[in-house]
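There are 2 protein chains.
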Amino acid sequence: MRVGILGAGNVGGALGRVWTRKGHEVIFGVPDAQSERTRKAIAALGGAGRAGTNAEAGAFGEVLVLSVPWPAARQAIESSGNLEGKVLIDCTNPLAADLKGLTVGLNTSAGELVSEWARGARVVKAFNTIGAGNFGRTDFGGLVADGFYCGDDAAAKALAKGLIADAGFNPVDVGPLRNARWLEPLAMLWIDLAINQGWGINHAFKLLRR
Amino acid sequence: MRVGILGAGNVGGALGRVWTRKGHEVIFGVPDAQSERTRKAIAALGGAGRAGTNAEAGAFGEVLVLSVPWPAARQAIESSGNLEGKVLIDCTNPLAADLKGLTVGLNTSAGELVSEWARGARVVKAFNTIGAGNFGRTDFGGLVADGFYCGDDAAAKALAKGLIADAGFNPVDVGPLRNARWLEPLAMLWIDLAINQGWGINHAFKLLRR
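One line per chain: the protein sequences are A and B, in this order. The opening residue of the first sequence carries number 37 in my numbering; numbering runs sequentially from there. The opening residue of the second sequence carries number 37 in my numbering; numbering runs sequentially from there.
Looking at chain A on its own, in the form it has when it is part of the complex (with noise of 0.2 Å):
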């Protein structure tokens, strides 16, 4: 598949690796293709990826996905040329600067607000939920860690299950697009983890059934 990334950082680097050892090819939407952040990026790519402009990524990608830091997540989606029908997975959480909160919940969430800014686009909420570090490497103790999704389009769901499963994660469809309003806060849960309790990356949820 094709895949358009809009930012080449520690999600979309992460995510552009994992994909394109499953056969898929990147392009990120990037502002400095010669940054030292991007060269990395590609060069972790084996050859199955470069970079561009938004618009450029946005075009290429049969699949845009959104993985920059929050404050720049409008003008990456309004830089990204029309969206109308595309698949745009967010990975966005609206994080406060000191990494203790959200910025944005409740009664909407960054995946809603991304929705109205992406005009047309069909969104899907995933990889949001934990860190980038465990893309790819999603063993725990023989569990598998959950990605959880979710969002209004069912063929965008289908597709982003795939990736979800390409990345390494058990994918598990939790709804609508609006309970991102519950995904968000989940992140921050194992942000808050991660960081301010200090537990580092290595902790991912899984919702057991029976």
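Just so you know, the hints here were simulated from the structure itself, not pulled from any lab data. A quick note: this is a predicted structure, and the numbers were derived from the prediction, not measured. Any given hint could turn out to be false.
Repeated chains share a single entry, so a pair holds when one copy, or any two copies, can fit it.
As the list claims (entries may be wrong) - Derived SDA-like pairs (lysine to any residue); straight-line CA-CA distance at most 25 Å:
1. Lys136 / Ala190
2. Lys136 / Ser71
3. Lys197 / Ile231
4. Lys76 / Gln111
5. Lys136 / Arg245
6. Lys197 / Ile237
Once you've looked at the hints, dock chain B against the given chain A.
Structure of chain B alone, referenced to chain A:
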């Protein structure tokens, strides 16, 4: 241990049942000790508990448990006597009437409001992230569901941890009381899956570690 439980409904009744089986003694604080709901809750305790006023439950309990619906929480606390130094386990979720959202969150939480209202009490948030039908019934295909809790007082948390284990859960300390901001949305995700996505009650969150 002597436990006062404010509310003898779904959550309080289930806690009374599992704890009295473990040898704890219970007084339910209820508005009407003769109501059918309360009589059923008492009957399930095998003689190890009774009903009284909130003030009686408060005076009786080495631990006090708040398990009334959120709109009744403040009044329940304020009718429970002097809570100075008391360990108060808050099981509430600030659910919207349509069960599709929370009425409190983002920059505060029910747990933090409870702590304000229960002046001097040592509040631990617990038992809010999974339906009460799973209390004492925590095996999910050989994996034990987690019982997440948070609070600011180490001794109160140690005591809550024991009661969480006595309800069959694997206790997981997720930090300070302010992290109720993330446990309450986690509860909302559990509830949304149960009710709005039609999953029923046979799911549970677990935090994997390696």
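* Is it within a copy, between copies, both, or neither that the alpha carbon of lysine 76 lies no farther than 25 Å from that of glutamine 111? -> within (24 Å within a copy, 58 Å between copies)
* Evaluate lysine 136 and serine 71 at a C-alpha cut-off of 25 Å and name the case that applies: within, between, both or neither. => So lysine 136 and serine 71 fail the 25 Å test inside a copy (29 Å) and across (44 Å) alike.
* Asked: How would you label the pair lysine 136, arginine 245 (within, between, both, or neither) given a Cα cut-off of 25 Å?
  -> between (30 Å within a copy, 21 Å between copies)
* **Alpha-carbon proximity between lysine 197 and isoleucine 231, which holds within one copy, between copies, both or neither at 25 Å** => Intra 28 Å, inter 23 Å, cutoff 25 Å: inter-copy only.
* To do: Could you place lysine 136 and alanine 190 in one of the four classes (within, between, both, neither) given a Cα distance threshold of 25 Å?
  => Classified as between; 21 Å across copies, 33 Å inside a copy.
* At 25 Å max between alpha carbons, let me know whether lysine 197 reaches isoleucine 237 within a copy, between copies, both or neither. => Answer is both; intra-copy 23 Å and inter-copy 24 Å each pass.
Violated hint: 2 only; the structure is consistent with all others.
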